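Following the hints, position chain B against chain A.
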Amino acid sequence: MSNSQSFDFSSLKRMTVDNLIGRCKQYVEQYVSKKAASRLEDAYKASRFDEVKHILEVTLERIKTKIKVSEYQKAEKAVKDEFPDAKELFVSSDTNEGSQNDNMGAGSGMVAVIVIIVAILVVAVVAAFLYLRFKDRGIDVNNQTVGEVLSHGVKKGNSIKYTEKDKDLVELLHELSVIYDNTDQYLNS
Amino acid sequence: MELLQPTSFASAVASSKEQLKRISNIVSKYCGQAKAESFLQACNTLDFTTANTILDDTIRELTGYDSVSIALSAFADKFPQLSPELSNKVSGALSESDKVKAIDSYRSRIINIIDGMC
Chain A
1 MSNSQSFDFS
11 SLKRMTVDNL
21 IGRCKQYVEQ
31 YVSKKAASRL
41 EDAYKASRFD
51 EVKHILEVTL
61 ERIKTKIKVS
71 EYQKAEKAVK
81 DEFPDAKELF
91 VSSDTNEGSQ
101 NDNMGAGSGM
111 VAVIVIIVAI
121 LVVAVVAAFL
131 YLRFKDRGID
141 VNNQTVGEVL
151 SHGVKKGNSI
161 KYTEKDKDLV
171 ELLHELSVIY
181 DNTDQYLNS
Chain B
1 MELLQPTSFA
11 SAVASSKEQL
21 KRISNIVSKY
31 CGQAKAESFL
41 QACNTLDFTT
51 ANTILDDTIR
61 ELTGYDSVSI
71 ALSAFADKFP
81 QLSPELSNKV
91 SGALSESDKV
101 KAIDSYRSRI
111 INIIDGMC
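From first to last, the protein sequence lines are chains A and B.
Counting from 1, one number per residue, gives the positions in the first sequence under the working numbering.
Counting from 1, one number per residue, gives the positions in the second sequence under the working numbering.
Excised from the complex, chain A in its bound form (with noise of 0.2 Å):
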């Protein structure tokens, strides 16, 4: 049995991401301290995801020293599995792939509680991390669920507007770009 079928992400998806900030207060309580969690509550009431992003992967850092790697690595695996976006948040683990599948499919279909509150808390800093990304364009993410937040919460249709800035934007990567091909051929000359 994978991990994403031993773990129900279908009611964490339908839940709000007040609801999942909410709970992932309760995690930041027990593994940080209060005032984290009060930060926590302050930060995402005033839309400060950057805030909100950091206390939770403060909490998960917490929670990764006090649990079996193994336990983290099946949350991780079930989280990566259902939400493609969350592979930004394991870059690091990822060369330990043949030793962590090794221990997937071994449980007995039932999910630790503490796998259960790190795949929250990644999910919460997954849709942190979107409501970033939505913030400066003038999409409202408020009152989506989890879901739709975590499958880009845009519909088909939305048009996103675009401005010089973009268009200077891809020019000065271009530039860039062709600073790092000139630096490569100056250095094999």
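Careful, some of the hints might be misleading.
As a list, the in silico DSS-like pairs of lysine-lysine whose alpha-carbon atoms are at most 27 Å apart [to be verified]:
1) B:Lys89 x B:Lys101
2) A:Lys165 x B:Lys35
3) B:Lys17 x A:Lys167
4) A:Lys64 x A:Lys25
5) A:Lys45 x A:Lys25
6) B:Lys101 x A:Lys167
7) A:Lys167 x B:Lys21
8) A:Lys68 x A:Lys45
9) B:Lys21 x B:Lys35
10) A:Lys35 x A:Lys66
11) A:Lys161 x B:Lys17
12) A:Lys64 x A:Lys35
13) B:Lys17 x A:Lys34
14) B:Lys101 x B:Lys35
15) B:Lys35 x A:Lys167
16) B:Lys29 x A:Lys167
17) A:Lys165 x B:Lys17
18) B:Lys89 x B:Lys35
19) A:Lys165 x B:Lys101
20) B:Lys101 x A:Lys25
21) A:Lys34 x A:Lys45
22) A:Lys68 x A:Lys34
23) A:Lys25 x A:Lys66
24) A:Lys161 x B:Lys89
25) A:Lys35 x B:Lys89
26) B:Lys89 x A:Lys167
Where chain A lies over chain B, by a calculated footprint (3+ residues, C-beta under 8 Å) [claimed, not checked]:
27) 9–15
28) 30–37
Just so you know, these hints were derived from the structure itself, not from any lab.
Note that the structure is predicted; figures quoted are calculated from it, not measured.
A virtual CB, placed ideally from N, CA and C, is assigned to each residue, including glycine.
Below, chain B without anything else, positioned relative to chain A:
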């Protein structure tokens, strides 16, 4: 952040004067002439820390994001017409320079989309 790499900065400066000048024009437009001059001066004195900081500032002005890495991922997401290839390439890139290259490989298509919808 290090859009320009410290190990190859001198080579980059030596081989890419025109590109650095064009970048300074964009810096000037969004961060002011003084910063653009500081950028060129930093390149000439091989002060890659200052040069990278000014590039970070410029990308922040252009995108609204503090993190260059997030800014580039967010920019890739602005083109659902190119999804999921572009987004996957950018999110899968390990370094900022690789993210830059990934976006630049779609340059003409991105410009066409922007020109068609501006």
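For lysine 165 (chain A) and lysine 35 (chain B), compute the direct alpha-carbon distance and say whether it is at most 27 Å.
holds (18 Å)
Has the given pair, lysine 68 (chain A) with lysine 34 (chain A), been kept, meaning a C-alpha gap of at most 27 Å?
holds (25 Å)
Given the hinted pair lysine 17 (chain B) and lysine 167 (chain A), is their Cα-Cα distance within 27 Å?
holds (22 Å)
Assess, step by step, whether the Cα of lysine 45 (chain A) is no farther than 27 Å from the Cα of lysine 25 (chain A), and give holds or violated.
It holds: about 13 Å lies between the C-alpha atoms, which stays within 27 Å.
Within a Cα-Cα threshold of 27 Å, do lysine 34 (chain A) and lysine 45 (chain A) meet the stated pairing?
Holds: lysine 34 (chain A) and lysine 45 (chain A) sit about 17 Å apart, inside 27 Å.
Are there three or more residues in the segment 30–37 of chain B whose C-beta lies closer than 8 Å to some C-beta of chain A?
violated (count 1)
For the pair supplied as a hint, lysine 165 (chain A) and lysine 101 (chain B), confirm whether the alpha-carbon distance does not exceed 27 Å.
holds (19 Å)
Is lysine 89 (chain B) close enough to lysine 167 (chain A), meaning Cα to Cα at most 27 Å?
holds (20 Å)
What's the verdict on lysine 29 (chain B) and lysine 167 (chain A), does the C-alpha distance respect the 27 Å limit or exceed it?
holds (13 Å)
Starting from lysine 165 (chain A), check that the Cα of lysine 17 (chain B) is at most 27 Å away, please.
holds (23 Å)
Lysine 17 (chain B) paired with lysine 34 (chain A) [C-alpha distance capped at 27 Å]
violated (54 Å)
Does the alpha-carbon distance linking lysine 101 (chain B) and lysine 35 (chain B) stay inside the 27 Å limit?
Cα-Cα ~25 Å, so holds.
Hints 8, 11, 13, 18, 20, 25, 28 from the earlier list are contradicted by this structure; the remaining hints agree with it.
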